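Student: Here's the letter readout for the chains.
Number of protein chains: 4
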Amino acid sequence: MKDIVIERLDERGVTIESMAELVFELQKQYLDITMEEAVENVEAVLMKREVQNAILTGIEIDLLAEKGLIREPILKIIQNDESLYGIDEILALSITNVYGSIGFTNFGYLDKIKPGVIGKLDKIGKTTGKVHTFLDDLISGIVAAACGRVAHSHGDD
Amino acid sequence: MKDIVIERLDERGVTIESMAELVFELQKQYLDITMEEAVENVEAVLMKREVQNAILTGIEIDLLAEKGLIREPILKIIQNDESLYGIDEILALSITNVYGSIGFTNFGYLDKIKPGVIGKLDKIGKTTGKVHTFLDDLISGIVAAACGRVAHSHGDD
Amino acid sequence: MKDIVIERLDERGVTIESMAELVFELQKQYLDITMEEAVENVEAVLMKREVQNAILTGIEIDLLAEKGLIREPILKIIQNDESLYGIDEILALSITNVYGSIGFTNFGYLDKIKPGVIGKLDKIGKTTGKVHTFLDDLISGIVAAACGRVAHSHGDD
Amino acid sequence: MKDIVIERLDERGVTIESMAELVFELQKQYLDITMEEAVENVEAVLMKREVQNAILTGIEIDLLAEKGLIREPILKIIQNDESLYGIDEILALSITNVYGSIGFTNFGYLDKIKPGVIGKLDKIGKTTGKVHTFLDDLISGIVAAACGRVAHSHGDD
Numbered sequence: 002m003k004d005i006v007i008e009r010l011d012e013r014g015v016t017i018e019s020m021a022e023l024v025f026e027l028q029k030q031y032l033d034i035t036m037e038e039a040v041e042n043v044e045a046v047l048m049k050r051e052v053q054n055a056i057l058t059g060i061e062i063d064l065l066a067e068k069g070l071i072r073e074p075i076l077k078i079i080q081n082d083e084s085l086y087g088i089d090e091i092l093a094l095s096i097t098n099v100y101g102s103i104g105f106t107n108f109g110y111l112d113k114i115k116p117g118v119i120g121k122l123d124k125i126g127k128t129t130g131k132v133h134t135f136l137d138d139l140i141s142g143i144v145a146a147a148c149g150r151v152a153h154s155h156g157d158d
Numbered sequence: 002m003k004d005i006v007i008e009r010l011d012e013r014g015v016t017i018e019s020m021a022e023l024v025f026e027l028q029k030q031y032l033d034i035t036m037e038e039a040v041e042n043v044e045a046v047l048m049k050r051e052v053q054n055a056i057l058t059g060i061e062i063d064l065l066a067e068k069g070l071i072r073e074p075i076l077k078i079i080q081n082d083e084s085l086y087g088i089d090e091i092l093a094l095s096i097t098n099v100y101g102s103i104g105f106t107n108f109g110y111l112d113k114i115k116p117g118v119i120g121k122l123d124k125i126g127k128t129t130g131k132v133h134t135f136l137d138d139l140i141s142g143i144v145a146a147a148c149g150r151v152a153h154s155h156g157d158d
Numbered sequence: 002m003k004d005i006v007i008e009r010l011d012e013r014g015v016t017i018e019s020m021a022e023l024v025f026e027l028q029k030q031y032l033d034i035t036m037e038e039a040v041e042n043v044e045a046v047l048m049k050r051e052v053q054n055a056i057l058t059g060i061e062i063d064l065l066a067e068k069g070l071i072r073e074p075i076l077k078i079i080q081n082d083e084s085l086y087g088i089d090e091i092l093a094l095s096i097t098n099v100y101g102s103i104g105f106t107n108f109g110y111l112d113k114i115k116p117g118v119i120g121k122l123d124k125i126g127k128t129t130g131k132v133h134t135f136l137d138d139l140i141s142g143i144v145a146a147a148c149g150r151v152a153h154s155h156g157d158d
Numbered sequence: 002m003k004d005i006v007i008e009r010l011d012e013r014g015v016t017i018e019s020m021a022e023l024v025f026e027l028q029k030q031y032l033d034i035t036m037e038e039a040v041e042n043v044e045a046v047l048m049k050r051e052v053q054n055a056i057l058t059g060i061e062i063d064l065l066a067e068k069g070l071i072r073e074p075i076l077k078i079i080q081n082d083e084s085l086y087g088i089d090e091i092l093a094l095s096i097t098n099v100y101g102s103i104g105f106t107n108f109g110y111l112d113k114i115k116p117g118v119i120g121k122l123d124k125i126g127k128t129t130g131k132v133h134t135f136l137d138d139l140i141s142g143i144v145a146a147a148c149g150r151v152a153h154s155h156g157d158d
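Protein chains in written order, with this note's numbering: chain A, 2 to 158; chain B, 2 to 158; chain C, 2 to 158; chain D, 2 to 158.
In silico DSS-like links for lysine-lysine, alpha-carbon gap of 25 Å or less: (1) D/Lys29 x A/Lys127; (2) A/Lys115 x D/Lys115; (3) D/Lys113 x A/Lys29; (4) A/Lys113 x D/Lys29; (5) A/Lys77 x B/Lys49; (6) A/Lys49 x C/Lys49.
FYI, nobody ran anything at the bench for these hints, they're computed from the structure. Bear in mind that the values here come from a model prediction, so they are computed numbers and not experimental data.
Between the sequences and the hints, there should be enough to build the whole structure, so can you do that?
Tutor: Laid out in structure tokens, this is it:
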């Protein structure tokens, strides 16, 4: 299933490298980490079934909202990424959670600052017909989980 | 938005009374509770925006899976309510959570035992073309949250 | 750290076998599982750092409450395992979460039914000077997580 | 119980105003908010029993760790606020959760940036005998929950 997940992310404009760059940027200040290690950790997160289910479900919701196949009033709420709609955060946190609560801080930080690909997705979602309501949060969740995994692996040294 | 939520639940075969009966059954052994109070507490849960978003989103996913408008591999996973797919539980727990962690125990119990309307929905979902993968968990979440609200209100006496 | 965790659980009257029995009982109806496999899965859960932190922290709180070293009003609340105190559930759910949301249902069921060692701990906590407010929930969390791990491993076959 | 909570926070160097300032700073860019409204929202968060339990429990753990009354290996882990120890985040998130998942982003941001009183507590915890491992996260959780409450109240206008 991992290949489909990577393919779907790619369709939506997200590469493993673009996520690994954020892992690298967040961790380099604390740990001696390489981009190669960052890529490995993002890929390990994408191997988890719980993560795959969250990504595939969230991307479908974004896509169905783009096509207008979701009924009101939830359709506009999702299309407009309304701040009081928290289901996207909930799905993303189920990803972050996979490596424990230490990922929550990075999730929130990424979701607030929106660096790199996260900000790019958010901007496209807000300025075009594309809907990235779930996707930008999912990416924050994947990157935060990968950071948690990196921290665990170094902590276990 | 509450009226739309009640209408959508009704469309899918769930009445406020059917949820209130489960709240009454779960709480009567601990507290002096009436059906009227159970109904009030279910309605109070349905007033919460977080709850409304989870219900409306989950029902749409069930419906879109019924219509085959979600792509594989997630389509079959949702249609078959596969045990390793946990996104339905995640949405339901965001409802339960609204009155704190004390609701989690009732959520799990309801999801396991599937009494009343929950079992009815589960059976229909497993034996007909209808998809209730999210709905039965959402109902467990609503009932568990209402039980938590009842416990808080009596505890605050 | 795993040895200390097992030792502390043993001090408090909980063996790996007593937890594995509950995993076996819960899973045998769905899967072809042996007691040996149940033991392996409980041990795998106890290897996780997040789990170890939750167990060691929860046991310390129970112990400090037994000794009266926690201040009021939280002291009596913990000593009496008051139903509106949900911090014990929160710690337990962080354990269950380690193998994803599919564990939540079993957690709630175990916490409600209190089979085997869970009921034994609960009874001792309610009838003696011993405090098991956190421990019984932690055990439900460990067993539920082990069930989730079993389900994942069979699902991946 | 609210008075005891405020008193205990005060003992540990945290005033309602110091938390309200952070709510004001985070929300003023999005909403027309006054310091008075920020104070009201922090106080409303502190009225919730779930929040009170998390605060009183977390402060006790910090205090008992200061006094060396918690056993190793968890004692040093808590005293040193080790990054792989996530129980403090878990307690804090149970506070943030009280107004739904929309608070998670602010929680993570606050926990990363550590503005105002949060940074002050963190620094004291890292440079003196005082232990603020739980407290600084609890404050991030309270402020994030208050921001969520503000957003809901304005959203409901």
